[in-house]
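Novice: Add chain B to chain A, keeping to what the hints say.
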Amino acid sequence: AQSVTQPDIHITVSEGASLELRCNYSYGATPYLFWYVQSPGQGLQLLLKYFSGDTLVQGIKGFEAEFKRSQSSFNLRKPSVHWSDAAEYFCAVGKNSGYALNFGKGTSLLVTP
Amino acid sequence: ETGVTQTPRHLVMGMTNKKSLKCEQHLGHNAMYWYKQSAKKPLELMFVYNFKEQTENNSVPSRFSPECPNSSHLFLHLHTLQPEDSALYLCASSQTRTGDGTGELFFGEGSRLTVL
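Same order as they appear, the protein sequences are chains A and B. 15 is the number that my numbering gives to position 15 of the first sequence; each next residue is one higher, with no gaps. Remember, my numbering sits 113 above the position in the second sequence when you count from 1.
FYI, nobody ran anything at the bench for these hints, they're computed from the structure. In this text the structure is predicted, and so the values were computed from the model without any measurement. Treat each hint with caution, since some may be false.
Said to hold, decoys possible - A partial selection of chain B residues facing chain A, derived with a Cβ cut-off under 10 Å:
| # | residue |
| --- | --- |
| 1 | R122 |
| 2 | V125 |
| 3 | Y148 |
| 4 | K154 |
| 5 | F188 |
| 6 | D198 |
| 7 | L203 |
| 8 | T215 |
| 9 | L218 |
| 10 | F220 |
For each residue, glycine too, the CB sits at the ideal point set by N, CA and C.
So that you can see chain A by itself, here it is in the shape it has in the complex (with noise of 0.2 Å):
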């Protein structure tokens, strides 16, 4: 079965530093991975998503993830983070029935001045 593992719970970064957020998955083929994000009280909006091709995939609002199928990771990225940044981040993977979404426990991130 397909899962998603999210190491951090939480993460803090200063205004303007870099930012990675790690996932991992466990996925027998080719999995289709997506990296969402959830402000307090809304729902879940879709930064970037992968299929297949180029590993690097470039999402909404500046961010990035690379998918290393050797590591079984699909890990986020931002240059520089802005305030506006801090919320919380899922990972998820497509099930095989080609339906539902399997999710992480997401990583919540706090951005300091």
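Specialist: Okay, now just chain B, sitting in the frame of chain A:
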């Protein structure tokens, strides 16, 4: 309207009440989902509907009853809930891979449920 719309945004109910959550998607997708998001827990998939047919029920208690009258509307009927059912209930839709889509989920803003 565009996207996925959920109503009500907030709901407070007693354990003996009956209420319903509504979700509507304007994206022309073939699949709709209910997820439960509790504090300090990962998102829990509750139900999946594909072309109005229920394809997944993840051992959800019978006090939660879904209804999908068409591909654009999804309801979650609630009755005799427990305080531990208090959570954010998220609706999502997608065009599944088997329906020539990429499977990404589009979420509504959620319905915050409090059971007293």
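Novice: Is the hint on F220 (chain B) kept, meaning its closest Cβ partner in chain A is under 10 Å away?
Specialist: Result: holds, 4 Å to nearest chain A Cβ.
Novice: Taking 10 Å as the limit, does the beta-carbon of Y148 (chain B) come near enough to a beta-carbon in chain A?
Specialist: holds, 8 Å
Novice: Holds or violated: the hint that K154 (chain B) contacts chain A, with Cβ atoms closer than 10 Å.
Specialist: holds, 8 Å
Novice: Hint check: is the beta carbon of D198 (chain B) less than 10 Å from a beta carbon of chain A?
Specialist: violated, 19 Å
Novice: With a cut-off of 10 Å on the beta carbons, see whether T215 (chain B) makes it to chain A.
Specialist: holds, 6 Å
Novice: Does V125 (chain B) meet its interface restraint, that is, does its C-beta lie within less than 10 Å of any C-beta in chain A?
Specialist: With a minimum Cβ separation of about 15 Å from chain A (threshold 10 Å), the hint on V125 (chain B) is violated.
Novice: A closest beta-carbon separation below 10 Å is what the hint needs, so does R122 (chain B) meet it against chain A?
Specialist: Since chain A brings a Cβ to about 9 Å from R122 (chain B), closer than 10 Å, the hint holds.
Novice: Answer holds if the nearest beta-carbon of chain A is closer than 10 Å to that of L203 (chain B); otherwise answer violated.
Specialist: Because about 6 Å separates L203 (chain B) from the closest Cβ in chain A, which is inside the 10 Å limit, the hint holds.
Novice: Against chain A, is F188 (chain B) within 10 Å by beta-carbon distance?
Specialist: Check failed: Cβ of F188 (chain B) comes no nearer than 17 Å to chain A, outside 10 Å.
Novice: Should the hint that L218 (chain B) touches chain A count as held when the rule is a Cβ pair under 10 Å?
Specialist: holds, 6 Å
Of the hints listed earlier, those the structure fails to meet are numbers 2, 5, 6, in rising order.
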